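Top line first, the protein sequences correspond to chains A and B.
Position 2, counted from 1, in the first sequence is what the working numbering calls 2; the numbers after and before it change by one each time, with no gaps.
Position 71, counted from 1, in the second sequence is what the working numbering calls 185; the numbers after and before it change by one each time, with no gaps.
No lab work stands behind these hints, which were simulated from the structure alone.
Only some residues are given here: those of chain A computed to face chain B with a beta carbon under 10 Å: (1) Ser3; (2) Tyr36; (3) Gln38; (4) Gly43; (5) Leu46; (6) Phe89; (7) Lys101; (8) Leu102; (9) Val103; (10) Lys106.
Calculated pairs, DSS-like style, for lysine-lysine (alpha carbon to alpha carbon, straight line, at most 25 Å): (11) B:Lys128 to B:Lys180; (12) A:Lys52 to A:Lys68; (13) A:Lys101 to B:Lys155; (14) B:Lys155 to A:Lys49; (15) B:Lys128 to B:Lys178; (16) B:Lys155 to A:Lys109; (17) A:Lys68 to A:Lys101; (18) A:Lys106 to A:Lys56; (19) A:Lys49 to A:Lys68; (20) A:Lys49 to A:Lys106; (21) A:Lys106 to A:Lys60; (22) B:Lys134 to A:Lys101; (23) A:Lys101 to A:Lys56; (24) B:Lys178 to A:Lys101; (25) B:Lys134 to B:Lys178; (26) A:Lys101 to B:Lys169; (27) A:Lys101 to A:Lys49; (28) A:Lys68 to A:Lys106; (29) B:Lys155 to A:Lys106; (30) B:Lys134 to B:Lys180; (31) A:Lys56 to A:Lys68; (32) A:Lys106 to A:Lys52; (33) A:Lys60 to A:Lys109; (34) A:Lys101 to B:Lys180.
FRET-style restraints, in silico, Cβ to Cβ: (35) B:Leu182 to A:Asn113: 37 to 47 Å; (36) B:Lys178 to A:Thr95: 14 to 24 Å; (37) B:Trp225 to A:Ser58: 27 to 37 Å; (38) A:Gly61 to B:Trp214: 23 to 33 Å.
Remember, predicted model here, so these are calculated numbers, not experimental data.
Glycine included, C-beta positions come from ideal geometry on N, C-alpha and C.
Take a look at the letters that make up each chain.
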Amino acid sequence: GDSVTQMEGPVTLSEEAFLTINCTYTATGYPSLFWYVQYPGEGLQLLLKATKADDKGSNKGFEATYRKETTSFHLEKGSVQVSDSAVYFCALSITQGGSEKLVFGKGTKLTVNP
Amino acid sequence: GAVVSQHPSRVICKSGTSVKIECRSLDFQATTMFWYRQFPKQSLMLMATSNEGSKATYEQGVEKDKFLINHASLTLSTLTVTSAHPEDSSFYICSARVYWGNTIYFGEGSWLTVV
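Could you build all of it, start to finish, from the sequences and the hints given here?
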C-alpha cells in the first residue's frame with residue numbers, strides 16, 4: 001500500500017548548519033507530497049508541498065523537490081536556526097473511496113543548538 | 115491563521131471507563147475532520163474520517179464501537195474511547211479541512227493514559 005519512509009532521528013545540528021531530512025514514498029498513481037512541522041506544544045503545520053513531479057516546494061528557507069524517478073521528497077535548509085527545532089513529518093495524499101487522506105512518515109525530531 | 119483546538123491536551127483515566135476528546139475549529143467551518151493516533155516513534159495513523167452530519171468512515175482495523183466519533187456541527191468533532199484499556203494509551207490528533215477549500219489544519223493533540 002501507500003507509505004512514507006523518512007530518516008530516523010533525532011537529528012542534532014549546530015546553528016547555521018546544513019539540514020537534510022530524507023523522505024521516500026511508495027504510492028500508486030501520482031500523490032501530492034507534503035512536509036509538516038510540529039513545534040513543541042503545538043499542532044502540525046504545513047511547511048511546504050508539491051503536487052507534481054519536479055515541483056519544488058519552499059517556505060521559511062526550507063525546500064523539497066518532488067522526484068518521481070527516485071520517489072523522494074527530501075527536505076533541505078541551507079542554514080538552520082535554533083527556532084527550527086521541531087519534529088518534521090513527510091506525508092503524501094491519496095484519494096481513497098472518494099475522499100482525500102494523508103499518509104505520514106514517522107517524523108524526525110530536529111534539535112538545533114546555538 | 116486557522117486554529118484547531120483539542121481538549122483535553124492530557125487525560126488519565128481508569129481502565130474500563132470512557133473518555134471524550136474534543137476537536138474544535140475555532141475560526142473556520144470544517145465539513146471534514148480526521149482523527150489520527152500516534153504511538154511513540156511511529157507514524158500518525160488515520161483512524162477515521164468524519165463528515166458533518168453523517169457517520170464517520172473508519173479505517174480498516176479500527177473498532178468503531180470502541181472509538182465513537184461524532185461530528186455534530188461544522189466546528190466540533192468528538193472522539194470517545196469507550197471501555198478504555200491500557201493499550202488505548204496513545205497520542206490522538208485531529209485535523210480539520212476548511213469548508214471552502216482543501217487546506218487541512220491540525221490540532222495540538224491529546225495524550226491519553228489509561229491506568
